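Asker: Letter by letter, the chains look like this.
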Amino acid sequence: MLKNYYKAYKYKFAGHMAQWPAFIKVIYTNRLKYFSFIHICTLLITGIVSTTFAAQKYMYGKERNTFINKYKKFENNSKLLRTYYRYTGTETGFGFFAPDVKSHGDMFFESCGALLDLPFETNEGNIRGNCLISNVTEYINDDLQSGKKLTLKQRFSDLLIQNLVVKAEQVNGLKNNCKIVKVTYKLIEFPPLQSTVTTKTPLLFDIKTWIYETKN
Amino acid sequence: MKQKINLDWIAFFRISVALFAILSLVAFWKDIPKILYEGAYIKPELLDALTDSYSPTTYSIYTFLQKYFTALNFDSMICLFLYIYIVALSFLILGLFTRVSAVIAFLLQMVIYKSMHLYLYGADFFQTMTLFYCIIFPKSLLSLDYVIFKSKQNPISIKWSLLLLQIHVCVIYFFSGLDKGIGINWWNGEAIWKALNSHNYNGIISVNSLNVPDFVFIIVGIGTVTVEFLYPLFINLKATRKIWLSLIILMHLSIAVFMGLHFFAMLMIILNLSAFYFPYLKEEVSSEFSLIISK
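As given, the protein sequences belong to chains A and B, one line each in that order.
Residue 11 in our numbering sits at position 11 of the first sequence, with consecutive numbering throughout.
Every number in our numbering is 216 more than the matching position in the second sequence, counting from 1.
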């Protein structure tokens with residue numbers, strides 16, 4: 001029955017198509033060809049923009065006012081482009097671990113001497129946990145660099161940390177009646193390649209500390 | 217009458233992408249309550265507030281649906297989404313209602329993964345891209361759709377689909393190599409050393425245990441930049457295609473073994489095999505992967 005319905009639909013569609021103007025038929029037959037051309041252009045633009053940004057940040061420490069930066073602003077404000085990139089899965093650049101491999105940060109939660117943990121059960125969950133810390137600390141880095149009034153993203157970052165503090169307390173079920181939770185963001189710095197013979201352990205650098213008072 | 221159908225690149229792409237999507241979800245299945253549910257480490261409403269409105273999240277769908285179904289439970293809705301997603305992917309593997317199941321899988325992947333956007337990494341974005349390609353690429357002959365509905369293929373679409381996939385893979389590696397080449401640490405071995413140590417998530421082998429001399433890191437660093445940057449050239453030359461394909465697959469296998477990014481490595485290998493291995497398989501080799509169906 002399903003097969004017959006499909007056949008009937010196909011014939012009906014073919015009948016309709018025969019009445020279409022010739023140029024629409026050509027567009028329909030070659031739809032993937034035309035789409036490919038547009039899509040490849042957007043991929044190249046994404047690559048050029050992300051590489052330029054990475055290079056500017058790496059060489060000058062900040063973004064510069066160039067044509068590409070102006071385009072990026074336009075792109076960020078364009079609902080059409082943002083939606084297109086989102087729904088084609090092409091919204092990120094391609095520079096993995098580039099131009100430099102960032103040092104990996106970690107967050108430590110402590111309640112009156114007791115370390116609190118936010119565990120994941122699977123290897124993949126742990127990788128995603130690392131991504132979470134990396135994303136939360138990205139806003140912290142902005143906060144440290146700007147030194148100005150907190151942006152909306154930075155305030156959200158603070159909210160995220162508060163959320164993690166509450167969760168860490170709940171998960172660990174502490175019964176020491178301690179209402180203070182200290183959060184430390186540390187950077188894990190591995191020794192450079194040449195010194196590996198003598199030093200193998202990574203160094204931990206305190207970047208930022210927060211003290212939160214929790215309520216019942 | 218019997219007809220022999222070879223495993224073409226479209227079939228390999230569709231089946232492996234759908235299988236990959238199931239495996240990558242199952243890999244953190246036990247942690248889903250900590251990431252996506254109401255009692256997750258980061259509250260769903262906070263994650264929703266932190267994202268843009270270009271695509272919906274589970275929380276935004278929940279608040280919308282709650283107007284009509286007041287008794288709706290958030291965790292049950294997530295469960296329902298996850299199971300529908302797995303069913304759609306299973307249909308995609310079989311090639312049954314390929315287009316519809318690809319659209320459902322793509323939309324649910326976007327909703328589920330966008331709802332945990334702070335937990336995402338490169339493989340997740342590539343997964344969205346591959347599922348999008350499953351929607352627009354023509355149906356393979358190796359599918360239940362072909363067996364049941366005798367669906368036809370548009371030769372122009374097949375040609376352009378392959379070209380699109382090949383160019384996309386080339387663009388990825390070219391810019392990845394270019395970005396790395398800008399950084400000085402990729403030329404002196406530091407980047408490889410740091411990546412293997414600092415970003416060793418679940419690697420099977422630790423570099424520390426091997427006592428590798430410094431020059432190996434320098435060679436591997438320069439080699440990575442070279443292989444990626446020159447990928448678009450050498451993968452398209454018939455004489456060097458197999459060598460370059462082997463080198464890039466070796467690089468991704470190393471990422472899996474030493475850094476533990478198994479799913480990222482797996483997806484990149486799938487993309488490479490789909491774009492530059494299966495389309496160039498000789499007839500006699502591809503017949504080993506054939507399926508005989510009655511017509």
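Keep in mind that the hints are not guaranteed to be accurate.
Said to hold, decoys possible - DSSO-like, lysine-lysine: derived pairs with alpha carbons at most 27 Å apart:
| hint | chain 1 | residue 1 | chain 2 | residue 2 |
| --- | --- | --- | --- | --- |
| 1 | B | K375 | A | K182 |
| 2 | A | K167 | B | K246 |
| 3 | A | K62 | A | K79 |
| 4 | B | K259 | A | K33 |
| 5 | A | K167 | B | K259 |
| 6 | A | K25 | B | K375 |
| 7 | A | K25 | B | K368 |
| 8 | A | K57 | A | K153 |
| 9 | B | K259 | A | K186 |
| 10 | A | K72 | A | K62 |
| 11 | A | K73 | A | K182 |
Read the hints as simulated data drawn from the structure, not as lab findings.
Model, not experiment: these values are computed from the prediction.
Asker: Output the numbers, in ascending order, of every earlier hint that fails for this structure.
Answerer: 1, 4 and 11
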